[in-house]
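There are 4 protein chains.
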Amino acid sequence: MFKGVKVVMGSFKGHALPGTFFFIMGTWWAIKSILKYTCRKQKRTSYLVSKALFYRIELLEGITIICMAITGILGEQFIVGGPHLSLYNYKEGQWVQLLGWHHCTMYFFFGLMGVTNILCSTISSLPASLTKLMMSNALFVEAFVFYNHTHGREMLDVFVHQLLVLVILLTGFVAFLELFTRGNVTVELLRSSFILLQGNWFWQIGFVLYPPSGGPAWDAMDHDNIMFLTICFCWHYALTFVIIGMIYAFVTW
Amino acid sequence: MFKGVKVVMGSFKGHALPGTFFFIMGTWWAIKSILKYTCRKQKRTSYLVSKALFYRIELLEGITIICMAITGILGEQFIVGGPHLSLYNYKEGQWVQLLGWHHCTMYFFFGLMGVTNILCSTISSLPASLTKLMMSNALFVEAFVFYNHTHGREMLDVFVHQLLVLVILLTGFVAFLELFTRGNVTVELLRSSFILLQGNWFWQIGFVLYPPSGGPAWDAMDHDNIMFLTICFCWHYALTFVIIGMIYAFVTW
Amino acid sequence: MFKGVKVVMGSFKGHALPGTFFFIMGTWWAIKSILKYTCRKQKRTSYLVSKALFYRIELLEGITIICMAITGILGEQFIVGGPHLSLYNYKEGQWVQLLGWHHCTMYFFFGLMGVTNILCSTISSLPASLTKLMMSNALFVEAFVFYNHTHGREMLDVFVHQLLVLVILLTGFVAFLELFTRGNVTVELLRSSFILLQGNWFWQIGFVLYPPSGGPAWDAMDHDNIMFLTICFCWHYALTFVIIGMIYAFVTW
Amino acid sequence: MFKGVKVVMGSFKGHALPGTFFFIMGTWWAIKSILKYTCRKQKRTSYLVSKALFYRIELLEGITIICMAITGILGEQFIVGGPHLSLYNYKEGQWVQLLGWHHCTMYFFFGLMGVTNILCSTISSLPASLTKLMMSNALFVEAFVFYNHTHGREMLDVFVHQLLVLVILLTGFVAFLELFTRGNVTVELLRSSFILLQGNWFWQIGFVLYPPSGGPAWDAMDHDNIMFLTICFCWHYALTFVIIGMIYAFVTW
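Chains as they are written, first to last, in this note's numbering: chain A, 1 to 253; chain B, 1001 to 1253; chain C, 2001 to 2253; chain D, 3001 to 3253.
Honestly, the hints are just simulated from the structure, not real lab data. Please note: incorrect hints may appear among the correct ones.
[To be verified] Reference listing, derived: stretches of chain C covered by chain D, where coverage requires no fewer than 3 residues with Cβ under 8 Å from a Cβ of chain D: (1) 2032-2042; (2) 2178-2186; (3) 2236-2246.
[As the list claims (entries may be wrong)] Short, incomplete list of chain C residues facing chain D, as computed with Cβ under 7 Å: (4) Leu2085; (5) Ser2086; (6) Asp2224; (7) Met2227; (8) Phe2228.
Bear in mind the structure is a predicted one, so any value in this text is a computation, not a measurement. Backbone N, C-alpha and C define an ideal beta-carbon position, used for all residues, glycine too.
Please build the complete structure, drawing on both the sequences and the hints.
Structure, rendered in structure tokens:
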């Protein structure tokens, strides 16, 4: 309501950035799961090689995630009109840009996940399942923040964020489940497809709420738009199957 | 609200068709589970034979499901007054027949399940649990779409669809559970009974909302009708036990 | 709303009857679980004896449950002012005593559980987990019916029934869990304590809504009563621990 | 509403006390889990020694928990203006200090957990998982009571207690899960971090609702405060990771 024009204009990018991050990570995790699965199936003699390889990959993954998180935090904080690390404006007696701080908090928890990734692959005494735990934690925190993110917004806006919360919660649940079922490729692919869906949906939200073409936003009060977005969400989900299928075909080939 | 008379009249058939599909699949899965269970108990020498048989059955099952899904989609699209594959009417600036598209989306995901069924039984390198995953996905998508299907309808209409969502969610949950508990006949029978219940309930919805006798629909504002449908739902569930019991007696005999 | 005085007066008994049933069954299941547990711990030589004994006990249990269910159904149907097996009054064009039919449906599903109990202990080819499945089914159906049972009642009435639904749902969930964790005595005792709590709570509902002393019912609009019943529910739960502790001390001694 | 000034003033202490208790227990359980984990990893020869040690620790833990519970109960009952063990005021015909009785009930269930702790470590025939069960029970009871604790309060007050209920429910769920997954250090650390979060959050509630500096309470109707507390909750959670990380570094060193 009190957000300036600049921030609203920047919001398409604000949704495209995490969308791209999640799309990259989803694709990457799908490739990793399928690679691991096929390696295990073929029981190659070069098992040790692949193990050392996977170790380095794990390290690289952690660093990439941390870089992504830092990019996101810096982008949120030092954008024109952003909070610039100030949390409370004592002069006016009100909080500064709390929505930006929300986003930073989410990025921060994904950064923590990256740190755990690196720690677990370097310090052997740490339990390996800690990475999964931090992933599910980061997702649950993200869902929790998004759930409390849309106070006083319009119906369509709330709806698309509710779908986002739904897919994040499901992803978090699946990641939590992986704590107990190691090496189940089906569950890993399910998680990857959810992450891909989340990435796609971020883009879709950007297009719906802040059309980059400069045209007007969708009518937030039309029930038909909600009806359409419901099936649009499902089609995005079907699309992730196609993407993962293509990755599978590519990797095995 | 804007639905023409023809579509309303066609709606009894629109509920009877999926009802019949689910009833057939429920019966079939109950037979298959019980057959597998008794085969395993008796440890027949002809184990390899039955394995090859089950493989062919799996293939046939996939093809049947795809046929059903295509029938459903074509029926929804090319019915008199249907959307005929057009999604957005640019002239009037509104969506075309979104409810029909909702139904198509659900059929489509069941079609995907059929495709996965075929792929998993022909390509041996694919994990077998993928079929279960796609089944649970198709069911969760169905529940999700039905949940967002009844905006602005009347109380009785919403209630019967809520019960539908309930049973679909439970079925999806049980199918998801089967990912982790292989060959547990009790869980498989539970899923079959839920699928049967869903089929019966589709028929019941058809009778309640669009009485084929041409009589008036039930009073949508009478709380007693909701009270009755609550126990009616339970009786349908009890009926599925009787059906499965009869199948069990028939198969073992 | 249209219930006559006779039925209202009979309602204390209507809550005391199932309360007594659940209390008996809870006590009995607690005894059985503890007996089985101590037998298994001590690895008696007379293992076969105890197995044959448990088989007969299972049979007796099934018969007892069926008798209870039939008592309940007959009591609901042929009470003075009851529905007497008529479901729809064509003259007045309205349903007859749907609340009574609700209760009958619940009793019926517990009867089905008793039947499964008997079938599973006589026909060895049936999977033993079917009994657990039917128990969890009966409980979920009970919770479902109670959830749709209190349309248009007063706040206190709705609240005590909500707590009932809560405990029934939890019991059903625990019973469902037992499908997958065989012979875990802690889980079995948890289920028994929930069943005992349900029995106690039925009695408490009877005392709150239809005080047998003939005094006035509790003030249904006073929030303090809800506040008190919240902790009262917890104290009943603590009481079930005491009961189970006493049973444990008695059995091991 | 009818609470006197003295009780309101005492309320910061009323939140600081359980906050401190949970913080101590969370820290302690984190230390215990990490100690057990490192002992198991190093397979020390002095395994029997550590086992006897853990047995004595278990006993001490039970006694500490009971002392904490009794302190809490006495504090709630015999504070100036407390209920002094009277539950119903027959003169005025109303309940006495139900909120105080709510707190006592919660403390009582944690006391029960302490008793079970002692019983399970002294009587060897009792199943060890009973302790976990009682812990999850105590937490679920706490969540249940808190859920029904805030009738008719203001928005901010309700919100901070809802977050409390959320974290308690999650802790209870994780403790319940531990019944089935023994010795999984990741899950144990997750539980400890939730307990620490609960302790921190109690302090935070105290500061928000009853600022000890004597300044005015936060504006209960300002949505921005809710937005801030959402991320504040997440930061407290991140803080628990830091605390547990420090404990880990300290213990392994």
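Hinted contact C:Leu2085 with chain D - closest CB pair below 7 Å: violated (40 Å)
Would you settle whether the hint for C:Phe2228 is holds or violated, based on the nearest Cβ-Cβ distance to chain D being less than 7 Å? Result: holds, 5 Å to nearest chain D Cβ.
Claimed coverage, the segment 2032-2042 of chain C by chain D - three or more beta carbons nearer than 8 Å: holds (count 3)
Holds or violated: is there a CB of chain D closer than 7 Å to the CB of C:Met2227? holds (4 Å)
Coverage of the segment 2178-2186 of chain C by chain D, judged on three or more residues with CB within 8 Å: holds (count 4)
Please check whether the segment 2236-2246 of chain C has three or more residues whose CB lies within less than 8 Å of a CB on chain D. As far as the segment 2236-2246 of chain C goes, the hint holds, because 3 residues have Cβ atoms under 8 Å from chain D.
Should the interface hint for C:Asp2224 be scored as holding, given a Cβ-Cβ cut-off of 7 Å against chain D? holds (5 Å)
Interface hint check: C:Ser2086, Cβ to nearest Cβ on chain D, cutoff 7 Å. Holds or violated? violated (40 Å)
Against the hints set out earlier in the document, violations occur for numbers 4 and 5.
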